[in-house]
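Please model the complete structure; the sequences and the hints are all you need to start from.
The UniProt record's numbering numbers the first residue of the sequence shown as 1 and each following residue consecutively.
Hints listed in this document are in silico derivations from the structure and should not be mistaken for laboratory results. Accuracy of the hints is not assured; some may be wrong.
30 Å max Cα-Cα, derived DSS-like pairs, lysine-lysine [claimed, not checked]:
id, residue 1, residue 2
1, K399, K242
2, K399, K266
3, K427, K412
4, K600, K210
5, K509, K595
6, K311, K269
7, K216, K311
8, K595, K578
9, K605, K210
10, K399, K269
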Amino acid sequence: MIELELLAPAKNLESGIAAITHGADAVYIAASKFGAREKAGNPIEDIEQLCSFAHQYHAKVYVTVNTIIYDQEIDEVQNLIHSIYKAGADAIIIQDFSILKMDIPPIALHASTQMHNLTPEHINFLSTCGISRVVLPRELSVAEIKNIRNKTQVELEFFVHGALCVSYSGQCYMSQALFNRSANRGACAQPCRLSYDLIDEHGNTLLKNKHLLSLKDLNLSRHIDELVNSGVTSFKIEGRLKDIGYVKNITAYYSNLLNQFIDSNKDYKRSSSGRCTYSFTPDPEKSFNRGFTNHFINGRILNQASFNTPKSIGKKIGKVKGVGKNFITISSTENLNNGDGLCFFNPQNELVGFRVNKVDENKIYPNRMVDGLHSGLIIYRNEDFEFEQLLNRESSSRKISCELKVHFSPTKIAFLIVDEDGITLKKELSNSFEEAHNQNILSQIESQLKKTGNTIFEIKSISFNASYLPFIPIKEINRLRRELLDELLKKRLLYHKREIRNIQNINPKLPYENLTYKSNVSNRLSRTFFKELGVNRIQPAFEIQEPDDNVELMVTRYCIKYELNLCPIKQNARPTGKLYLKNKYGIFPLVFDCKSCSMKVMKPKN
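Structure, rendered in structure tokens:
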């Protein structure tokens, strides 16, 4: 059977445990340093604890070491990877090729999307380097993924939900150029979320003060079947900086979707064990979102960007019916509550928000009356107070189902328990047992054996071979049940096997002769790695030496011309001439590569 994995983000230990209990088959988390989210570091002790928790369910933990590395950090990174392996992690997610030259343990290596895994040729090269999985660019279509699947052997991981970088990952240098904060070092200042003017070559302003590079959030929940059929086996949720409520809600939502797919497609199964029971109904629109897009999954589409705001707009809940002196009425099918956060776009298309102070039947009393409210206005809820309260409590239980067989005799009680993965455990208690005269004792024993409490197990069925019915004190039954489940858990942990990287027969064959700054070579080990493969010219990483001319700060598949119906090829629009983005940080020339259907944001000329 083909295993499908739901991969959830973990900002910290608490979020990681929440992701697992809400249905994740694996989580990805940063160690103390060198993760692509600088503010999401964690001590090794927490990673070790997370591994122990996850492995109970045969879920996995991947640790991010996916920044570029400087010379003075090589020994530190090498030691960190040894610590990660010792903590029990199942794989590390990497960007820098220097790791391939380090003396590291045989931990599995996954290629971060920061490695720009765009073509089958590049992915096959990574495979020859001993990498067993690649994280594909978010910009790919189903057809392109299928082509990669047909030409490669590695596991394919793909983002299905969360924030979108407008640039190809690993190819964005705008934050470094403007703020000396490198995206390839986990310190992105998010210049894509800033506002810009769009101007033409004559200085005319076509759009003013709009968030022209700010994409909506990815939501591929309607495309799970297509992605499975294209060869994706790991479905990744973005969000290592998101709060725990976001992780719970989005993980639960996609876990349900994968289960629904598997229930109808018997050739597939989840890669970890257990089923979840939730105390809430998952809904992605109730968590942080900028509006949703399916990006390029079925080709280029309009309405990918959120020009008016980079902030969360939440869920559309209805329209304003009327405006009173200190209240409004809304036509909505949603239940509103005190403490909800509502928002709308004013006539200037600026996002304006307020909090609900009181709800009285159909009247909503804001904490303050804001300008711009009028009849017919669309209202969004970007904070659902009651929903957040549900998520702040214990909101899921994940249980592994078991079957228990019990055999009684005058001198022995024998248990045989089998969990859903086929792991079995036998336990016997030898003693002289008096025969029970109360015929209800069997139902009492069954009731006590099913009380699994806070364990990860759920006993779905119990069968008895009871030609002789012994008298057993309740406390003895409880003790036997606890010991049985404790021993089964220990056996499950022994059955969790980590993938061991095969370091034999590694023979990298590089499909390039020269490397530009966009290959992100930032240290001596990476240079040595590529030189040994016959590379003639290696340009230093942008962070090491900023190039002088024709510097591409971003390469994006998203195209402002197409978004504005100005594409001369696909939309038959009249040529616009040269276009530029402008804000207080500079004037950025836009280059449109119509052959590859991409856009480049160039460094301003001095």
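Each hint tested on the structure:
no.	hint	in the structure
1	K399 x K242	holds, 26 Å
2	K399 x K266	holds, 21 Å
3	K427 x K412	holds, 10 Å
4	K600 x K210	holds, 18 Å
5	K509 x K595	holds, 28 Å
6	K311 x K269	violated, 37 Å
7	K216 x K311	holds, 10 Å
8	K595 x K578	holds, 17 Å
9	K605 x K210	holds, 23 Å
10	K399 x K269	holds, 16 Å
Consistency note: the structure conflicts with earlier hint 6 alone.
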